[in-house]
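Here the protein sequences come in this chain order: A and B.
Those letters in the first sequence? Residues 2 to 399, per the working numbering, in order.
Those letters in the second sequence? Residues 2 to 399, per the working numbering, in order.
Possibly wrong hints are sitting among the right ones.
What the hints assert, rightly or not - Cross-link-like lysine to aspartate or glutamate pairs, in silico, EDC-like; alpha carbons within 20 Å at most:
no., chain 1, residue 1, chain 2, residue 2
1, B, 227, A, 107
2, B, 227, A, 127
3, A, 227, B, 270
4, B, 6, A, 45
5, A, 140, A, 119
6, B, 6, A, 88
7, A, 227, B, 85
8, A, 227, B, 107
9, B, 89, B, 100
10, B, 122, B, 100
11, B, 6, A, 270
12, B, 6, A, 40
13, B, 342, A, 40
14, A, 6, B, 24
15, A, 140, A, 59
16, A, 6, B, 107
17, B, 227, A, 88
18, A, 6, B, 100
19, B, 6, A, 107
20, A, 342, B, 40
21, B, 6, A, 25
Because the hints were derived from the structure by calculation, they are not lab data.
Protein chains: 2
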Amino acid sequence: MTASKAFHPPTRILMGPGPSNVEERVLRAMSAQVVGYFDPSLLEAMGEIHRLLNATFETENRATFPVSGTGTSGMEAALINLIEPGEKVLIGYNGFFGDRMHQIVERCGGVPIRIEEEWGKPIRPEQVQEALKKDTGIKIVALVHAETSTGVLQPLEDLREIVDRYGALLLVDAVTSLAAHPVGVDQHGIDVCYAATQKALNAPPGLAPVTFSERAIEKTRNRRRKVQSYYLDIALFEQYWGTNRFYHHTPPVSLYYALLEALRIVEEEGLEARFERHRLNHLALIAGLEAMGLEMLVEPPYRLWTLNTVKVPEGVDEATIRGRLLQEFGIDIGGGLGTLKGRVWRVGLMGMNSTPNNVLLFLTALERILLSEGVPCGPGIAAADEIYRKPFQGGSRV
Amino acid sequence: MTASKAFHPPTRILMGPGPSNVEERVLRAMSAQVVGYFDPSLLEAMGEIHRLLNATFETENRATFPVSGTGTSGMEAALINLIEPGEKVLIGYNGFFGDRMHQIVERCGGVPIRIEEEWGKPIRPEQVQEALKKDTGIKIVALVHAETSTGVLQPLEDLREIVDRYGALLLVDAVTSLAAHPVGVDQHGIDVCYAATQKALNAPPGLAPVTFSERAIEKTRNRRRKVQSYYLDIALFEQYWGTNRFYHHTPPVSLYYALLEALRIVEEEGLEARFERHRLNHLALIAGLEAMGLEMLVEPPYRLWTLNTVKVPEGVDEATIRGRLLQEFGIDIGGGLGTLKGRVWRVGLMGMNSTPNNVLLFLTALERILLSEGVPCGPGIAAADEIYRKPFQGGSRV
């Protein structure tokens, strides 16, 4: 047996689909010694996490807390708590994570019904309306607000009204939008919304913030049979997070510390300023990429500010370029998933990674690598810079 | 909206049922910047985690990795992957966590069959043998090696032979024993074993190490229907941890760093020395408590070294004593769960918390508080000290 060496991860600029880099303040907060799960100090911190999560989700829901798992556990918790066997769930299928919802619905005995749309396009409200009209008895409409696989932003306007007409609940995946794009849980009448800590919140992966409306909680309370998962049963989470304080499981205390500090940073910057910063850096990146002669997968109104999908030019091996970005510049970007494998790069600008510095460095690095691989491309910096030279509207420029 | 204050948890000596304190080295390792889930450095670290987990479980299993959730997620993953609807599972019910297994088996459509035993006593092999004989077709026998609610150590000898006679699989909960008591997965022919990071491993909560024998993996491969949970599907974990490297979910990278460092500490100390250290401090604590006139719940051969259940003396309010230990000494111990609520204290000596310093301080603190509450008790220190004065057999004394 060879003795193990201490692990010192390399320094990366995480500009992929997530995780994003974690704020130094968050890393320090996380490294505090742990306390017990009923420690008065922890219960107080949990109260703050609840308040700050609600502010970020833009809701006043009572049932808001982080599930003790990564983003997918949030998706699973949201779906399996709402769905009873045999119930129909309408799912927007325009990317990888819509497909994941489909799989989870099937596994828990629900009946998934798909609205199919091209990967790279959002689901239109008319499609939801048509599907609800055609297939009666749909209990839940599930859409992905920010499709991490395609870079598409799903508009949430008008959905509540449509869904209400058919007595369904609205479930929204905000994994890659929370704390970067307005999610507006109360404004859009979202019944269940979940996210993850490792995207625009800049905390480490391992927690999935979720929020349930009263109507959604009501549905979980009236279940005929228990939720299939004990670990992800929202009623048991509520007993620990609520005033009962019943032991459910030992929560990942260190990740609670991290999430609290990350949420404090969001509060300090202010949501509006944070949204504007994400928008601006996204626009600068796109301007640069387009000036270089590259094309975006998604049409302008539906582009995520956090995740930019760039088409790989004809004849270019996307993995080579990605590998060189990592090797030569320490920049980690993502490749395509599913039907987009080999066809796009996914460039993330999430939370603290959404900065002019990262945009300018990335454009420079990509240009240099493409040229050295013999791929013709123009300079992108000037176009990006032009965006930044416009009157500034808030947020940090570094 | 009031701005949130930075969270600085108080310093605690965690001598309850877990979490235990986390090693400084582990906290520092955890606070390194995160990397992506396919980063070559992370994949290398995962290889080390696999090797060191196998050494700690004492197995050569291929399917060994941490599930991305706390201990209960490990329990759930172990059970739901093995069980198909309608299958019978024999569960040792002699504590809180046997009951939890029962609930999980029920929720996933299995048929739980209980071996009932008094809380505070182990399940006897004859009971397992009888139950398997009486109720044919049992597919899985599930026992808790270290019952955190009662302090009972479940002997694992002879079980494999009995279970084999009936063609069943053996599933063992080692949450509170791994890295403190010998678990011996291969020696005892355990098919599925799971643990948690926040007990004797002294890493933060949030990961559940699991290991599956080839026979267990075979059963999961031959399932007629998919595992009900996508998040906890072991086949999908294997695809990420194995050579395929398929994306399943974004793992809690920081907790991987922490676990690796915690396992390195275990390797440096050596398993045998670590076991002996836990045994010695446990014996000293018991000697002290008994000298004080207190009684243990569990008979000597079945006492856990990691978790000591002390009977609360007649007429004493256990919560008062516990509250004063926390307030006046920063010592966090546990109360009773379920049928033992109000009747016992649970005193943990796990990993780095299993030291003579902690034993001596705890005995002193408890004596002072009991006396000031008017509870008669003798001094315990001398008796504990006598254990330590015997020829030393390895491990650290501080």
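A quick look at each hint next to the structure:
{"no.": "1", "hint": "B:227 - A:107", "result": "holds (9 Å)"}
{"no.": "2", "hint": "B:227 - A:127", "result": "violated (34 Å)"}
{"no.": "3", "hint": "A:227 - B:270", "result": "violated (45 Å)"}
{"no.": "4", "hint": "B:6 - A:45", "result": "holds (11 Å)"}
{"no.": "5", "hint": "A:140 - A:119", "result": "violated (24 Å)"}
{"no.": "6", "hint": "B:6 - A:88", "result": "violated (44 Å)"}
{"no.": "7", "hint": "A:227 - B:85", "result": "holds (17 Å)"}
{"no.": "8", "hint": "A:227 - B:107", "result": "holds (9 Å)"}
{"no.": "9", "hint": "B:89 - B:100", "result": "holds (15 Å)"}
{"no.": "10", "hint": "B:122 - B:100", "result": "holds (15 Å)"}
{"no.": "11", "hint": "B:6 - A:270", "result": "holds (15 Å)"}
{"no.": "12", "hint": "B:6 - A:40", "result": "holds (18 Å)"}
{"no.": "13", "hint": "B:342 - A:40", "result": "holds (18 Å)"}
{"no.": "14", "hint": "A:6 - B:24", "result": "holds (17 Å)"}
{"no.": "15", "hint": "A:140 - A:59", "result": "violated (24 Å)"}
{"no.": "16", "hint": "A:6 - B:107", "result": "violated (44 Å)"}
{"no.": "17", "hint": "B:227 - A:88", "result": "holds (18 Å)"}
{"no.": "18", "hint": "A:6 - B:100", "result": "violated (41 Å)"}
{"no.": "19", "hint": "B:6 - A:107", "result": "violated (44 Å)"}
{"no.": "20", "hint": "A:342 - B:40", "result": "holds (18 Å)"}
{"no.": "21", "hint": "B:6 - A:25", "result": "holds (17 Å)"}
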